[in-house]
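Both chains are given apart, each in its own frame, so use the hints to dock them into the complex.
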Amino acid sequence: MTFRIFSLGLLGTFLWPWLLIIVVPYATMQRIERVEFNEEDDGRTGVYAPARPGRVADGAKVYAANGCYACHTQLIRPTYAGSDVWRDDWAGMKKTESNEETRRETTVYDYDGESFAQIGLTRTGPDLSNIGRRVESYVKGTDTTDEEWFLMHLYNPRGGFKYWSACPSGPQFFDVKKHYGQGNGGGLAVQAPEGYEVLPSDEVRALVSYLISLRKDDTVPYSLNYRADKKRAIEQ
Amino acid sequence: MATDSDSIQHADPDLRPAIDRSLRHPVMFFFTSAAAWLAVALVLGIIASAKSHAPEFMGNIGWLLYGKSQAAHLNTLVYGWGCQAAFGIIIWLMARLSRKECRNPGTILVAGHVWNFAVLFGVIGILSGQGTGVPWMEFPSAVWPVLLISYVFIMVGSVVQFRCKEGGHTYISQWYLLGAIVWFPWVYATSNLLIFTFDGHPLMDAAINSWFKSTFILLFFVPVGVGAAYYLAPKVTGRPVHSYSLAQMGFWALAVIGPWTGMQKLTGAPIPQFLPYVGAAATVLFFIPAVTVAVNILKTVSGHNTTISASPTLRFMIAGIIGLLVLGSIGVCLNFPSSIKYAQFSFAGYGYEILAMYGFFSMCAFATMYFVVPRITRREWLSRRFIRWHFYLSIYGMSTIVICTIGGGLLQGAAQEYWNMPWSDAATRGYAYGWGTTVSWLFILFANIFFLLHLLLMWARLGRRSQHPTLLSKHTSESPHGPEGDIDEIQAANA
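Chains as they are written, first to last, in the numbering used here: chain A, 1 to 236; chain B, 1001 to 1495.
In isolation and in its complexed conformation, chain B is listed as follows (with noise of 0.2 Å):
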């Protein structure tokens, strides 16, 4: 056996570049399209932010109306932004911990068009008026067969190198990679067949919306960007994983917890008494994977600080781990008995889903694209600035919207609830935080402008040509990189 990972081993400084060359044009497809809905999104998030405090704003463009804007917005940040995020980070994880080049890069660059054009045409078709009116499911609904069969067709090339990969040992990233692989096709097949397709009983089909919403970021977002920290901190670190049997207990923990959780958004409503209790409850012990997660990366990186630092990808996915630990502990507080009332109907709702998509998942995938791109794009990052740029701006306009939404939800809840009180009381409440939430839009939508025009200038192979990784702080004179140069020409050399 010794011998056996040993011989992998010596292979790895040929494979991990033969890897990184035969996944070039599918990943940065996917993560620079990414960025460019991400864009997208952030426009329409802003739109429709300050449309809920300021209802004439844009208000003679009958496209833009509040209620659509706002679905484009979400449809296009999950689908558009998070989607493709992922593939990009799930198909080179894969790959380079199952050792195997990609053998089909083809198929997936088609198979990624025709989700984009599908993404498109859904987006188009929920600010024509022809949404389904079905929260995260607005596409028209011939769209979701299309992502289905594309997303068949990205993924069905890791699932074949996970299971032909020769020997050596499984890391835990894998497991919660070909978990969250299998996952989402299942959550997303049984929502959509179930609403749209069988015809079932119209309070079913809202409680099933609800449990989708929550299992596409439980089950699909969370593996992901779990996967990839538990990839990364290692990595950056050089060392091994605080304690891989924690590791081990908080995958099964969200695989258990997971499933059950989402339909506390129907409390009170006239469907089976249990399956709203079951929801909160489950979103309630979500906490146990997520502060397990939590634990064994940050225990993994502790002592680290000059590494933390300085390096982009370790910083961003720290704090899309402090992200997954406040996302935790906000499902405890709002899904008590005593609190969902609050938080039922307020923008609370809206702020957990955000946090989880921007404040955990895509902190984590910022992460991984500092680490992947320069390594398949042989350049490395052009301006220290910009990333600076990109993190400060992030954590501070996400900050602000957590406080905004879900503080500001629970207020606006409060007041829905003085049953005594004028309707305009509770109405005029929420105004102030969402001139909050549009303001800290403003700033993600500036710090992913920085972003995505940085990759795309990567995309086009402008990066630095140089040995030294784009750090935060300023080079020493002795970097592990070997001496700073022309990274072409010292390999040339060397060869």
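Excised from the complex, chain A in its bound form (with noise of 0.2 Å):
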């Protein structure tokens, strides 16, 4: 071996992978297209773009930095590759009484307003692809916001059902402080010392709007659905 074909042998070997599953698929994922409801298919028109409202570029962010995707996912995969449109729940909503049926697997426009797409590494804990609908669900009925039951599950992820939690507590995201008066309002509904209230940083509030962005409950275009019993508009 000569160091000439040495040479173009690890550019002929190493290039053509690069090109082919890195630098092509990268320019071409660049430019993806949105997708049009139509009228014969879905009986509306317009472009699908999943509506994502709350500090989702920030709470990415600290969900980034604090390493929940070491535990957490955020990806359902098509039924050849896993189960996880039947576990409950995570793929969205099954249909009951009140809901509509709106489990789905994951898009390419679930990532939207996101740098990263925290696809995770294991399922230490469970996949979060829809957990803002299902906390949603967890605190029907009661009077507890979702807001509120994210910031006590983040203080104390084993205080409420889950007691076999390996998720950390978050004490670090939230502040003790002095009660005067009334109180700021906002404090959590956990034991204080005497005189001093718990409450949420303004990096956990971030974190917290940026999980209940994370949903599954919206119409996708008829070319966007996967489920096998899906109907066009015009044969319902």
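Mixed in with the good hints there might be a few duds.
Claimed, not checked - Chain B is nowhere near these chain A residues, computed Cβ spacing over 12 Å in every case:
#, residue
1, N38
2, E40
3, A51
4, G195
5, Y222
6, A228
As the list claims (entries may be wrong) - Pairs of lysine to any residue residues, derived as SDA-like cross-links and limited to a Cα-Cα distance of at most 25 Å, are as follows:
#, chain 1, residue 1, chain 2, residue 2
7, B, K1235, A, M1
8, A, K162, B, A1432
9, A, K162, B, Y1342
10, A, K230, A, T45
11, A, K162, B, D1425
12, B, K1235, A, T2
13, A, K177, B, M1058
14, A, K177, B, N1060
15, B, K1165, B, P1013
To be verified - Derived, one-sided and incomplete: chain B residues facing chain A with beta-carbon distance under 7 Å:
#, residue
16, G1062
17, L1065
18, K1068
19, L1194
20, P1202
21, V1256
22, P1259
23, P1272
24, W1419
25, S1424
26, T1428
Hints listed in this document are in silico derivations from the structure and should not be mistaken for laboratory results. In this text, a Cβ means the ideal position worked out from N, Cα and C, and glycines have one as well.
This is the structure:
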């Protein structure tokens, strides 16, 4: 083997995969087009743009910096690759008397507003693709809001029914402040030293806002719907 | 031609010590700082692993939150220990094999310090909550250009030595090392530029990240470890490589297969469908270069049982090569279409990475260090007991981690797939194996405390001043190394 053969060989063996699985797919995915609804299939028109209200970009940074992806995924795989779609409330809500059927796989638009798709490394904790909608169903009929539920859960994940959870509690996300007069409002309903209250930091508020934005309850265009029993609007 | 290589070989006895002297400070700097980072990585790994089954362990310390300590553990293991150990190995082996003295030890030392400060800054960044959240690239994004530039300054001398070498044959280790030198910056720059600098689709960024992790292992750590093994096996046994054409085949198999691996971590994600399939197929095929190298090296050393049991270098190297064989086989098991869903989101992925970084690469790196350090310090290792403890605790810890993370990981993955059982079943399935992993990391930490201490004593030039290398068996009366005695005195008397 000479240096010439070595250099050409190295170039040949590395350049092809580099172009074919890195550069070209990267450029193609950069210019991905929006899907449009149409009258025949969906019974409506317009561009499909999943709405994600809340502090998505801010919260995604907190999610990333604290390494949530080490235990939580955000990916609902098609059924050939896993059983995520069937797991209770992971992929959307099952059809019940009060719910529409919204279960679906992850689409390419689900990470809108984020700079890196937090697919995640393990499922030590549950998938979070639909956590916003799931918590909404937990708090339904109680006097807790979903934001309060998330804050309590982040303060002590083992406080509620998930006593078995290995999720780290995050007291560092909360400030223990002196209680003046009627208090600051927004204090957590947890035990604090006499005269003090536990207040969520701005960081954790952004994180909660991000988590609430993770939901699968919108209607996707017919072409993005992978359900076997899907129907076109004109057939219904 | 014959006279040419003859004259080269005549000059060797003088040239080797000269090369070793010229590289003494840079190589010792990389080895000792790598071993120190390894200790840091292991402590962080124990903390993170303990948190994975006992969440309230150090629960009030915000900067050690599981996600942060786990990220810091892997990044120190890769950039602090792995890369620096590899740098030491590359610059020493390249100089020896090219028969060239190192002409820029000062530059390498400065660049090495920059590398260390960048890693330190990056780890502090992760722990203080400034991490990027991109696995294996969690250092704040200002760090990667610094690492890349100091890498260039560390490696440029080795490339020049290779190009300027006179005559003679280019040995297979040199091709492996040169490959690693070229692949790393290509992979590292591509991934960092596309993920952090350019504005790509978030999913494609994630795909490139998993490609990065895989190619970093297979196209940097694997060639460096294999290159070292191809140098050490013939050197210690005094026998040529079993089959040179097999060695070349193994290199090209790695070059062809390695760059396609990695994206199977995104199976089922809405990216172009062929990407995960290609990644899985290539990771399965990595078995070919792994088994080629393993057969070749093990054939080379086979029959030398006394040497193997006596030489610390050979023992660690063989353990590393068996680690490579296991890595190739586990790559096959975890990446079949039927098994990928069980491995994708379980501890098995972490187990695969740790097996590559510790079970294979680190064992080969230790082997090289046990060989190189006495030569550049002109002192022999102090204690065969320390070396034994290092070896057995490492082997024991590593095998248990592999069983717990990969075996336990597959069971965890299976529990995740039973969608009609409650989630708590899958979430708690891994706890027992987490305990196993934590305890095994403790064993590995003990092993490396012995190693770090031993290395620091050698660095302080407190090693044995002897002609005889430290072997793991008792000395026989007839030693090939001549009479026992102080190396400096004997050489002065001979001169």
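Given the hint that K1165/B pairs with P1013/B, test it: the Cα-Cα distance must not exceed 25 Å.
Status holds; Cα separation ~17 Å.
Under the criterion of a CB-CB separation shorter than 7 Å, is K1068/B in contact with chain A as hinted?
With a closest approach of 5 Å, the K1068/B hint holds.
Holds or violated: are the alpha carbons of K162/A and D1425/B at most 25 Å from each other?
Holds, at about 12 Å.
With the threshold set at 25 Å, check whether the alpha-carbon distance from K162/A to A1432/B stays at or below it.
With a Cα-Cα distance of about 18 Å, the restraint between K162/A and A1432/B holds, given a limit of 25 Å.
Does the CB of V1256/B sit less than 7 Å away from some CB of chain A?
V1256/B check passes; min Cβ-Cβ to chain A is 5 Å, inside 7 Å.
Holds or violated: the hint that S1424/B contacts chain A, with Cβ atoms closer than 7 Å.
holds, 5 Å
Does the structure keep K162/A and Y1342/B at a Cα separation of 25 Å or less?
Status holds; Cα separation ~24 Å.
So, as I understand it, the hint says P1272/B touches chain A; can you test that by seeing if any CB pair is closer than 7 Å?
holds, 5 Å
Identify whether the interface hint at T1428/B stands, where standing means a beta carbon of chain A within less than 7 Å of its own.
The hint holds - T1428/B has a Cβ within 7 Å of chain A, the shortest such distance being about 5 Å.
Status of the stated non-contact between Y222/A and chain B (beta carbon gap over 12 Å)
holds, 16 Å
Over 12 Å from every CB of chain B: does A228/A meet that, or does the non-interface label fail?
Correct as stated: the minimum Cβ-Cβ distance to chain B is 17 Å, above 12 Å.
Hey, does the G1062/B contact hint survive, CB to chain A under 7 Å?
Holds - the Cβ of G1062/B comes within 7 Å of chain A, reaching about 3 Å at its closest.
Taken one by one, the earlier hints all hold for this structure without exception.
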